[in-house]
Amino acid sequence: MGGERVNTQAKGSPDTAPADAWEPRIVAFFCNWCTYTAADLAGVSRMRHAPNVRIIRVMCSGRVDPQFILDAFAKGADGVLIGGCHIGDCHYVEGNYKTIRRVQMLRRVLHDMGIEDDRFRLEWISASEGEKVKLVINDMVTRIRALGPLGLPQHVRDWDAELESLEHAVTADAKEVGTHVG
Amino acid sequence: MSGKPKIAFYWCASCGGCEESVVDLAEGILDIVAAVDIVFWPVAMDFKRADVETLADGSILASMINGAIRTSEQEEMARLLRRKSQLVIAYGACAHLGGIPGLANQFEREEILRCAYEDCPSTVNQDKVRPQPRAQENGRVATLPILHRMVRTLDQVVPVDYYLPGCPPTPKLLGQAVQALLAGTLPPKGSTLAPDIALCEQCPRKDSKPTDLQLEEFKRPHLTPLDPQRCLLAQGIVCMGPATRGGCEAQCIQGNMPCSGCFGPTSRVRDQGAKILSSLCSNIAAKTEPDIDRALATIPDPVGTFYRYSLAGSLLRKRVWPDSAKR
Numbered sequence: 377m378g379g380e381r382v383n384t385q386a387k388g389s390p391d392t393a394p395a396d397a398w399e400p401r402i403v404a405f406f407c408n409w410c411t412y413t414a415a416d417l418a419g420v421s422r423m424r425h426a427p428n429v430r431i432i433r434v435m436c437s438g439r440v441d442p443q444f445i446l447d448a449f450a451k452g453a454d455g456v457l458i459g460g461c462h463i464g465d466c467h468y469v470e471g472n473y474k475t476i477r478r479v480q481m482l483r484r485v486l487h488d489m490g491i492e493d494d495r496f497r498l499e500w501i502s503a504s505e506g507e508k509v510k511l512v513i514n515d516m517v518t519r520i521r522a523l524g525p526l527g528l529p530q531h532v533r534d535w536d537a538e539l540e541s542l543e544h545a546v547t548a549d550a551k552e553v554g555t556h557v558g
Numbered sequence: 592m593s594g595k596p597k598i599a600f601y602w603c604a605s606c607g608g609c610e611e612s613v614v615d616l617a618e619g620i621l622d623i624v625a626a627v628d629i630v631f632w633p634v635a636m637d638f639k640r641a642d643v644e645t646l647a648d649g650s651i652l653a654s655m656i657n658g659a660i661r662t663s664e665q666e667e668m669a670r671l672l673r674r675k676s677q678l679v680i681a682y683g684a685c686a687h688l689g690g691i692p693g694l695a696n697q698f699e700r701e702e703i704l705r706c707a708y709e710d711c712p713s714t715v716n717q718d719k720v721r722p723q724p725r726a727q728e729n730g731r732v733a734t735l736p737i738l739h740r741m742v743r744t745l746d747q748v749v750p751v752d753y754y755l756p757g758c759p760p761t762p763k764l765l766g767q768a769v770q771a772l773l774a775g776t777l778p779p780k781g782s783t784l785a786p787d788i789a790l791c792e793q794c795p796r797k798d799s800k801p802t803d804l805q806l807e808e809f810k811r812p813h814l815t816p817l818d819p820q821r822c823l824l825a826q827g828i829v830c831m832g833p834a835t836r837g838g839c840e841a842q843c844i845q846g847n848m849p850c851s852g853c854f855g856p857t858s859r860v861r862d863q864g865a866k867i868l869s870s871l872c873s874n875i876a877a878k879t880e881p882d883i884d885r886a887l888a889t890i891p892d893p894v895g896t897f898y899r900y901s902l903a904g905s906l907l908r909k910r911v912w913p914d915s916a917k918r
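Taken in order, these protein sequences are the chains called Z and H. Using the working numbering, the first residue of the first sequence is number 377, and each one after it goes up by one. Using the working numbering, the first residue of the second sequence is number 592, and each one after it goes up by one.
None of these hints come from the bench; they were simulated from the model. You may find that some hints are simply not true.
With a straight-line Cα cutoff of 35 Å, these simulated DSBU-like cross-link-like pairs (lysine-lysine) come out [stated by the list, open to error]:
#1 H/K719 with H/K800
#2 Z/K451 with H/K595
#3 H/K797 with H/K878
#4 H/K800 with H/K639
#5 H/K639 with H/K595
#6 H/K800 with H/K810
#7 Z/K451 with H/K780
#8 Z/K451 with Z/K508
#9 H/K639 with Z/K510
#10 H/K595 with Z/K508
#11 H/K719 with H/K595
#12 H/K878 with H/K810
Quick caveat, the model's predicted, so the values are computed rather than measured.
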């Protein structure tokens, strides 16, 4: 995922592109048995939805390690969407119960870490609900467009700018250190 | 100075417990002193920074640096010791993953300074004086280190060769690390010098851990009488054992207290907090959203619980203030 804040179709490098070139980027984890099949159905039914979602197929929404979600945000995603089978329909019987228990807690962690609630979403979408795939994606893109970029990689670059002056001072000449001025 | 290998110890944002763990080698420290020259150890010996500056680059065999990095002075010393040392060892949870000081990454620098210098009930500071990096009075200039915007792990500031985990590391692990260092038998660079296995595997209560926990709610250890034999998770206590590296010999468990995660994750896990969240929450019994939320509400502070020692080293690192929050 190169070029934070910028749609891959946009022209120009991330650093020079104008702010209005930003397009939301959403990472979606869809379960093989329900939501991925529904996305397939939406495709063959020629439904149109916003092109801002990168879909990753997993065997079960319960396979989505919370680390995947945090890593997606840390690498520049503006939102993360998980799609699984409706409760009671899990191909592995209990998988989506584990999903919702983790997701409910992860929501609180993300909220406490300053990531807005609308950036993280769990939806139960069965294999026949192609229309719901379209509606959920379009709605999420609208909400995230209103929030603006999350841009965690850019935040990290901003935070680490405070390390630059001493890096040069101490690396250039040890005799120059001792000023404590950062 | 003899031809013995040179070792340095330094402390950054830490409590002093890591220094204490070196002293806890007891008479074992005499063997170390016989084998190496300690060229820098501010807590115990009278060396100054100038003594380090006069050493040739790379002339220290290993620097053991404890504490997180949160001021310009700590950053400067970490960079200086990195330059003078062949090996840098992150010593203890704070240097390894940010430790307890890393929890400050839930706040902005301004919030922290305002709390400490203005809002704290025990603070008397009518003029709201804040520490200044540079102040002049009667022609004399005084300087202070700058508080960074965030707490960092040592390896977010300088390259780190090895990690000794723990709050603090045990004298046994330190002794083994020094032996391996002197014998030239250290594992590949980047390794954590402790067993790469979850604490549960080494736990004396392992046999009483059920396969399916079916947790109804989480109990607080200070409000709950604890069975000293039975798995703490089975008693509804948040124990970080499943997501924490072993090597501590389950000292907290043997004191009838749950693991709080100070050894960090094993090498297979990137984000310890996410992993224990995953493990604990998927094991609750509730099946409907209100029941699930009720059970989860018994963990009042998820970030402080799951990331107690690892927030600065986690995937998110610090609370963000997106543009929408600023508006």
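| task | Identify every previously stated hint that the structure contradicts and give their numbers, smallest first. | result | Numbers 1, 2, 4, 9, 10 and 11 - these are the hints that the structure violates, sorted from lowest upward.
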